[in-house]
Amino acid sequence: MHNIGKQTLRALVGGLTTFAMLVTLSPSTNAASDPRFSLPTQPNLIGIIAASGNNILARMDYALKISHDAGKTWSASAITAEAVDLEPYAVRDAKLVYANFSTLYVYDLASNTVTTTSVTDGGVRDATSTLYLDGSGETTVVRSMSTGSAVRNVNFTMPSWTEGSGMSLATDGSVVVQLSDGDEYRSYLVSKPDGTVKTLLGKTRVEADATLGNTVWWMTRSGSVATVCRRDISAAASSCATGSLGTSKRPGYVTLLPSTGGALIDVTWDETAGAKRQLKWFAFSGSSLKKAVDVKTGAWDVSVPNGGSQEKTLPILSAVDSKSSFLARLNANGSVTRLNPVSGTVQPVELVSLALSPTTVLGSDTRVTAATITGSQASTNWKRSVGSSVGTESALATLNGRATVLASAGRWAVAVAGKAVLYDGGKATTVTIPNSASAARLSGPYLLASDGRVFGTNGKWKVYDSDTRDLFGSLALIVSEDDHGKTTFTVRDLAGRLKDVTFSRTDVDGWQSQIWGDWIATAIRIGSGDDEVYATLLYNYRTKESKTFDGSLLALGDGVVATQDGDSVNAWRVEAGTKLELAVGNPVVTFDGGRLAYSSGGYDTQQEGLAGGEVTITRVSGAGASAPRVLGVVAASSFTSGSWSPKIDLTKPTKAGTLVIKDAKGVTVRTLTVKASADGSIRGVKWDGKNNSKKKVAKGSYTFWLEVAAADGSGTATRVDGSSGALGTVKRA
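Quick note on numbering: the sequence shown equals residues -31 to -1, 1 to 702 in mature numbering (1 follows the signal peptide of the UniProt record, and there is no 0).
Rather than coming from a laboratory, the hints here were simulated on the basis of the structure. All values reported here derive from a predicted model rather than from experimental measurement. Heads up, the beta-carbon is just placed ideally off N, CA and C, and yes, glycines get one too. Any given hint might turn out to be false.
[Stated by the list, open to error] Think about it this way: if two alpha-carbon atoms lie no more than 25 Å apart in a straight line, the pair counts; the simulated SDA-like pairs of lysine to any residue are:
id, residue 1, residue 2
1, Lys663, Ser606
2, Lys624, Ser354
3, Lys665, Lys624
4, Lys249, Lys167
5, Lys548, Val603
6, Lys218, Lys167
7, Lys655, Thr587
8, Lys249, Gly182
9, Lys429, Gly395
10, Lys513, Ser537
11, Lys161, Lys218
12, Lys167, Thr126
13, Lys245, Lys265
[Stated by the list, open to error] Simulated DEER-style distance windows between Cβ atoms:
id, residue 1, residue 2, range
14, Val166, Ala119, 16 to 24 Å
15, Gly360, Asp657, 30 to 38 Å
16, Lys664, Asn427, 25 to 33 Å
17, Gly498, Phe70, 27 to 35 Å
18, Val470, Thr547, 26 to 34 Å
19, Thr547, Glu56, 39 to 47 Å
20, Ser149, Ser71, 53 to 61 Å
21, Arg652, Lys455, 40 to 48 Å
22, Val470, Tyr31, 52 to 60 Å
23, Lys644, Thr338, 37 to 45 Å
24, Thr627, Gly360, 30 to 38 Å
Start from the sequences, fold in the hints, and give me the full structure.
Laid out in structure tokens, this is it:
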């Protein structure tokens, strides 16, 4: 076993309360007959690293390329993609400087050449092509790039309200100091080459800022009005202009890109703010800023580079439409011009969530749509039928955010924080999730929210226990921990038929526990101190049998558990103790009993030259062998006229059978035909209150019994705990 550490373990599995998880999986482990389908592809935004005049450095096709004619033609850059990952400083005089711990690299955009300079290990705070800021000591020092000798110390007084400072070099050798309270307030000072210090801006609430050359830019906001200001470090005052944002809500994120001719702000709100992304251009003439204008990009999705990445040019933007990726230039009047086409990356869409039922695979992804182009974070949610092959894609509900998809038998859910659309046989019903909680698990008719609430068979939310971590039908897994390291597990029947089953341990981390059938899976600690490692414990709460598997818990299915052990991910067959080794990539995986669906590829694997963008559905041999269990029944408790019709959900498809109605003495009064169910959900059974002789039965309580067998031959259906008996009672009033 591999010690991946508590924090890493929590990052891997924290929040995973559905069967879906991120794992590594090799396509070679699957049979050629496994049904599969390709994910849609879409253009990938080109990453603009720096621009100076007509020189543009950009990332495309997993490499860096340089253009000297404003994007008309491109050639290989002298620097590598790995170098730019070192987070370059601002571009100055067509020079881009970036650093690792002991070396400064100066890239000349005009000549496509690189020079290097050795510097104090780990001390660089900013750099131009001739100077750098050395912050390795108690005092920040301006040093010569060519000799490393000290030019001067940077001295200034920190006001009492500040918690930190940032520094950047101006092209004249001055140092701009950004003071911060650690949250939203800023102040700017400038330390001139002669050592004098002056204030450019006093303590102010700032939404975004940037430094370009010898000029500091910032944006403030008062209600719905945004103000952008620029201040040259040698000027006596700031020049500002205002523009309306249309809402007084605070933006979630703002990017400010200063450039020749003005500043572009990219404003994005949280989905709940009721406003969408805005691009506003604050143009100026000479030293005077003009009033802002809205930038219209139409059917383009654009990316605004970080402030300080462009000089001596109007803003260059990265953009995509439904067919291609390209660059665009913002004009002085706020209009946008598409530049010559360039070679961008086309890649599969990113999967957000994946779910599998016996007949359907569901997913949500981040493909570009008209809504996302205008700032919506809504994912595209879809379903496909599954048999010997996979059907065409059809749409599910679109919600305001990136959705989680869930599936169980013939029921599905599409959910975001505070809302879920529930499907039963394709018919949709929208429900509100209290406290803006998210949906965590769908198991038969029961939906578990992240705050422990359960949406039950009565169509209402109820908190049975806030420590509810997972569901298997009506069985809730409740996990509590005390101050002495003891973790107590309780399995509670929400239908009230079964007594609680409780056990405790002191060697587990119960917050990530899951339940399927009689098995509970949780993380177990083995060893102590530096020798402590994590494994996955499976405990049968009825037989008290336990099994331990290498790696941290990812997901639990019917006779199969997925774990991660360092870089190795395995699907363990619970009874046999053997594993299916899964490797390569970073796909999304979801279980349906003993089957799994997983996506291969995407950005990471494509970058490594591997095939990607495919979802495969396969069965783990030796798993999924249990007989069908009833997850839940939705039915009226009584009826006086008409008919009574229960909705019954099971863990797997079933053959045709019967639903038997018995009186209080256990005598059969009616036998109803049940059709075979391809998805495990039994619908359309109706009892009209008559016996087998077509006569009305007496008023009173009757039990109903399901007699169906699994379509795969694994046995006859049982109640949720594996026992035989009546599923419930109905009163003939």
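Please flag the earlier hints that this structure goes against, numbers listed from lowest up. Violated: hints 3, 4, 5, 6, 7, 10, 11, 20.
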